[in-house]
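Undergrad: Protein sequence lines, in the order shown, are assigned to chains A and B.
Just so you know, we're using my numbering here: the first sequence kicks off at 1 and counts up by one.
Just so you know, we're using my numbering here: the second sequence kicks off at 1001 and counts up by one.
These are calculated hints, taken from the structure and not from any lab test.
Every residue, glycine too, gets a C-beta built ideally from N, C-alpha and C.
One should not assume that every hint holds.
What the hints assert, rightly or not - For each label pair, taking beta carbons as the anchor points, the in silico distance ranges come out as:
#, chain 1, residue 1, chain 2, residue 2, range
1, B, Lys1028, A, Lys126, 46 to 56 Å
2, B, Gln1247, A, Arg83, 34 to 44 Å
3, B, Ser1447, A, Pro39, 26 to 36 Å
4, B, Lys1028, A, Lys121, 46 to 56 Å
5, B, Ala1131, A, Glu95, 46 to 56 Å
6, A, Lys30, B, Asn1521, 25 to 35 Å
7, A, Lys30, B, Lys1487, 35 to 45 Å
8, B, Lys1420, A, Glu95, 38 to 48 Å
9, A, Ser24, B, Lys1384, 27 to 37 Å
10, B, Glu1462, A, Glu95, 38 to 48 Å
11, B, Glu1458, A, Pro39, 35 to 45 Å
12, A, Ser24, B, Pro1337, 26 to 36 Å
What the hints assert, rightly or not - A partial selection of chain A residues facing chain B, derived with a Cβ cut-off under 7 Å:
#, residue
13, Arg6
14, Ile43
15, Phe48
16, Ala50
17, Thr68
18, Ala80
19, Ile93
20, Gly97
21, Ser102
22, Ala105
23, Leu112
24, Gly129
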Amino acid sequence: MSCECRENLIEILQKTQEESGWLSRETLEKIAGETGIKPAKVIGVATFYAQFRDKPVGKNLILLCQGTACHVNGSAEIEAAIREHLKVEEGEITEGGKFTYSNVACLGCCSLAPAMMIISKEKGDKTYGKLTRESVVKILDEY
Amino acid sequence: MNIKVGMGSCGIAAGAGEIFDLLVKRAKNTDSGVTPVGCNGMCYLEPIVEVDGKMYTQVSEADVDDILSGIKPLHEAEQNQNRIALRNCGIINPENIDEYIEKGGYQPLNLTPEEVIEKVKASGLAGRGGAGFPTWFKWDACRKATCSSTASPCSDNKKYVICNADEGDPGAFMDRAILEGDPHSVLEGMLICAHAIGRGAPSGNSSLRDGALVEGIIYVRAEYPLVIKRLEIAIIQARERGFLGNQFDIKIKAGAGAFVCGEETALIASLEGERGMPRLKPPFPAEKGFWGKPSNINNVETFANVPWIMQNSGKAANTKVFALTGKIAKGGLVEVPMGCTIKDVVFNIGGGIQGGKNFKAVQLGGPSGGCIPASLQDTKIDYKSLAETGAIMGSGGMVVMDESSCMVDMARYFLDFTCKESCGKCAHCRVGNRRLLDILERICNGSGKDGDIELLEELSEEIKAGSLCALGQTAPNPVLTTLRYFKNEYEDHIKNKKCTAKSCKKLLTYSIDLNKCKKCNLCVKKCAANAITDFVINDEKCTKCGFCESLCKFEAVTVN
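Chain B extracted, bound-state conformation:
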């Protein structure tokens, strides 16, 4: 038997580590092999064990013997997604380079740099980090750039290939899954990029006939220890085989927790050991990047697409990976073709909403993105259609919300995040977003005033216009999109002091329905605020924690 255990961070957190150890122990004296693989995307079914192509899901330690004897009924793997970036995730052992090579990895590249760039252009690959900028254009600009900087004391004629693995969007884990499940696809993508930007002379420039010396750097979030471990193993193995090391090598740099470092120029500042603060562009990193040298920065998913493009001439790389989370029934990682609709993703792949509630909205693009209401669920997933709704494609976080999610609270949540993560350079972002948050907080607390909505709109436009980098320019998007589609909720909060989603605590009143109450005294005893006497809740003492509601077996506690 060929046994595979899903060992991404999510699988391990669900208990896959214990299952793996037990399987190895039990299979020791049999002809079965047990291999760890990355996340196959079906996170809602973790821990997952795959035996000869069939899946066991939500495996517990008690199931291990059944798996080895083949007793437990098997589920056929559902695999109706068109996978490019995730092609090997959950299939190969990420700690074994041979399995990657067997799947067609590290094939000799008999192409000139120009041909490589032409192929990337033909595939239509665009930056998967969110902005959707054509990848070939960046590569071409970096290829044509020469090392003219004299400001840097480093040796000359160098270029850098940088992989942005600082996946900071809350609610997104696509890059983590790719790096944990198939690290070599990213390394190979960087290797191909190094060839494209550095090898040989751009025509007419004799001083660079031998090309530039290219170095690779992967900037990884420090919160992803397993990613760093698997990348280290992958880099060592690639060096042993001679793919890395001689002409092109890659090193890992761990970030230190700053969302703004996902912005290219801030990332470069951080790599240089500085505070991660963005600077004005141009010059673009393709001309003046790391230590003033021409640098090409792409996102993890973008690089993971590149080896596939080289092997599949003429085919378009037109998929996007999403982390489908929130109130969704089947949450996980999905790779969908551009052009499918939000409805397809939420209902056909994601299985609809948890607990049969109503679908209200999806949030795309994290703190830079926006909410798209259920009424626009037929919107196609492509860069242009999504931008028309006011949201963005983003890096791939897709958080699904149901009727219990308050949209004003969502806007408040994202602004709270942006305020904490603003680097402080631009006044509009530093102070303006703080003011936006103040207004949103008072609306959620029931102290909203007439004119607040207009103030939010005006301030949002000012912040967008007055900020240097994308963090500030996009920070008001969650406010603007919720105002566009859910203005009635804002008005309800301000005028009627009411939160229809029953989410904003300060606007709720808890009471006990004495017709249903059996006087069991449980809520009275357990209330931490001592707010319940004689089965009446004292609204002034009540902290609206909702504990009594969750305790009551007779559904006697009501919320309004």
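Excised from the complex, chain A in its bound form:
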């Protein structure tokens, strides 16, 4: 097998996920078949990296920043507000599939802490900063 092909596995997974939103077992096996990379390896790589999802995602993907600055500035409160308002656990999809709520390591806009990003096909990707329990509920209601 050429190094080129092995080297591109992560990129192939990224492109596939971009199209379908997540990576099902069948999709991974199909990638293995087409590239000649062993299925165990494809699944091994897909489960190693945080970016790859093994569940379908909602129309809007909420990424709540868990960086140090956000933690110090009260991201736990925001997390509680999201869970309460959407009745959803971390990594899960809401009933009806409007939102998926997920925590991320750090969005890198620490001066806006606590911050979150919402990835949405309809509304584009938006970052919201200086969140409060009230403002986060208001933002979610706009979607």
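Fit chain B to the known structure of chain A by using the hints.
TA: Same frame as chain A, now just chain B:
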């Protein structure tokens, strides 16, 4: 008028995109030019618009007309920092190569590879990713290495220059700002490095007289889409001008979200399409790196320093960029000379603590670093002095904490992060850190036991000794430094079941002071747990969410 709008990710999140569009629209039929620039570091004032050298801060859409007519009072730009890595950030348009060239970029390099390495050595440049390893030494080792690997099916006599832009430390965004604000400085740094490690033959080796073929790769976090976009534009422009493409080209690889990939050997594994798991060193990447070829890996900030070093012979590259965040009044990006103190950064540049609270500690180096207490605020910022405190310089995250930050909770927070990010290869890191986290969680939940502190210390030393890579070796640092300086907080949690910072929820009791309560019923209605009846909070039902405290206008809810 020459109008510049700060359009880093942070500026855009604060609303700079809308301001920019509006300014472009309004300035259309005037002689004013509107340019997007990167982050100038003053994140607490975003969105920022600069007109002919003067700044408008926290601009709203309503201010746009005033800006164009020059009405709003102007603030002079404060620029008392000595900027090397950030020299062009917030000043030039990162999507226009001409502006970078105008600032002295891409000057012809009439130096032999040995001379380049000598210059880097003279400048004292050390790895800005955190470890502080001398940059010249890595370059020299990679230059002297020959392609002896036969394990790889790729064509021979190749070397790689790799830029580590997998900025994973939570609370750090220096690399993002540099790549968004001045991508060409990093590309040029890599170009100079390629010349140094690849061109011409090291003396006495005739088979490599023409030098090695060098390729460049930038490994970028996938969470930074704007960085990837600006780098793509910069690479295309540099190719058009012939700086890249013929002898040396650079490609971008997006990471997929794994903190451990900041470690060189894990990064290489990830580039090769594998799980990002580190391997034993030696052989170092300078000898056997990407596909077994000699590879030189440096961090973004390190590369950004290199073109400046080439242009400023004899001067020392002795600054460090920090992302100043947390409970700081003026948070943002600062570049400070080595040797200044923590106090200088927090109070002179950062303007002290938000809301006039007391400064308690700074956290440096993210999950690998440690907390330095306010009592050591005169510690100098250099690799050696910081290491003596038990913390590290790190990649540049500086999170400021005040009296409301619980140090046991901070240690728990970082261990939680490390546990999630451990690749799982070494048992000490995989299982040991999990056990550390278990102990810290029970302390924060009020179930700490006698002997827990000793257990934390013992286990920390074992993890440091038994882990292969820096992630595991440094993971206990947040625990060890907080134990060193804030042992009383641990004891308070364990013996008195008390969190003095009022941060550990399980240890708090909420109550209503009936002397202050006006019986407005607001808290009773809004309590999601229905824990308040007759203005008494039922401690068993209370989820300690603190909502009643934030609601009460009469400050009748007290926390103990």
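Undergrad: Hint by hint, say whether it matches the structure.
TA: A quick look at each hint next to the structure:
1. B/Lys1028 / A/Lys126: 46 to 56 Å: 26 Å, violated
2. B/Gln1247 / A/Arg83: 34 to 44 Å: 55 Å, violated
3. B/Ser1447 / A/Pro39: 26 to 36 Å: About 44 Å separates the Cβ atoms of B/Ser1447 and A/Pro39, which means 26 to 36 Å is violated.
4. B/Lys1028 / A/Lys121: 46 to 56 Å: Between B/Lys1028 and A/Lys121, where Cβ atoms are some 31 Å apart, the hint is violated.
5. B/Ala1131 / A/Glu95: 46 to 56 Å: Holds, since B/Ala1131 and A/Glu95 (Cβ atoms, about 48 Å apart) stay within the stated range.
6. A/Lys30 / B/Asn1521: 25 to 35 Å: Roughly 60 Å apart at Cβ, these two residues miss the hinted range, so it is violated.
7. A/Lys30 / B/Lys1487: 35 to 45 Å: For B/Lys1487 against A/Lys30, whose Cβ atoms are near 56 Å apart, the range 35 to 45 Å is violated.
8. B/Lys1420 / A/Glu95: 38 to 48 Å: 27 Å, violated
9. A/Ser24 / B/Lys1384: 27 to 37 Å: The hint (27 to 37 Å, Cβ to Cβ) is violated, given that A/Ser24 and B/Lys1384 are roughly 52 Å apart.
10. B/Glu1462 / A/Glu95: 38 to 48 Å: 46 Å, holds
11. B/Glu1458 / A/Pro39: 35 to 45 Å: 42 Å, holds
12. A/Ser24 / B/Pro1337: 26 to 36 Å: 53 Å, violated
13. Arg6: 5 Å, holds
14. Ile43: 11 Å, violated
15. Phe48: 4 Å, holds
16. Ala50: 3 Å, holds
17. Thr68: With a closest approach of 3 Å, the A/Thr68 hint holds.
18. Ala80: Holds, because the Cβ-Cβ distance from A/Ala80 to chain B comes to roughly 6 Å (cut-off 7 Å).
19. Ile93: Hint on A/Ile93: violated, closest Cβ of chain B at ~19 Å, above 7 Å.
20. Gly97: 23 Å, violated
21. Ser102: 11 Å, violated
22. Ala105: With Cβ-Cβ at 6 Å, under 7 Å, it holds.
23. Leu112: This hint holds: A/Leu112 lies near chain B, its Cβ roughly 6 Å from the closest one there, short of 7 Å.
24. Gly129: 5 Å, holds
The structure shown violates the earlier hints numbered 1, 2, 3, 4, 6, 7, 8, 9, 12, 14, 19, 20, 21.
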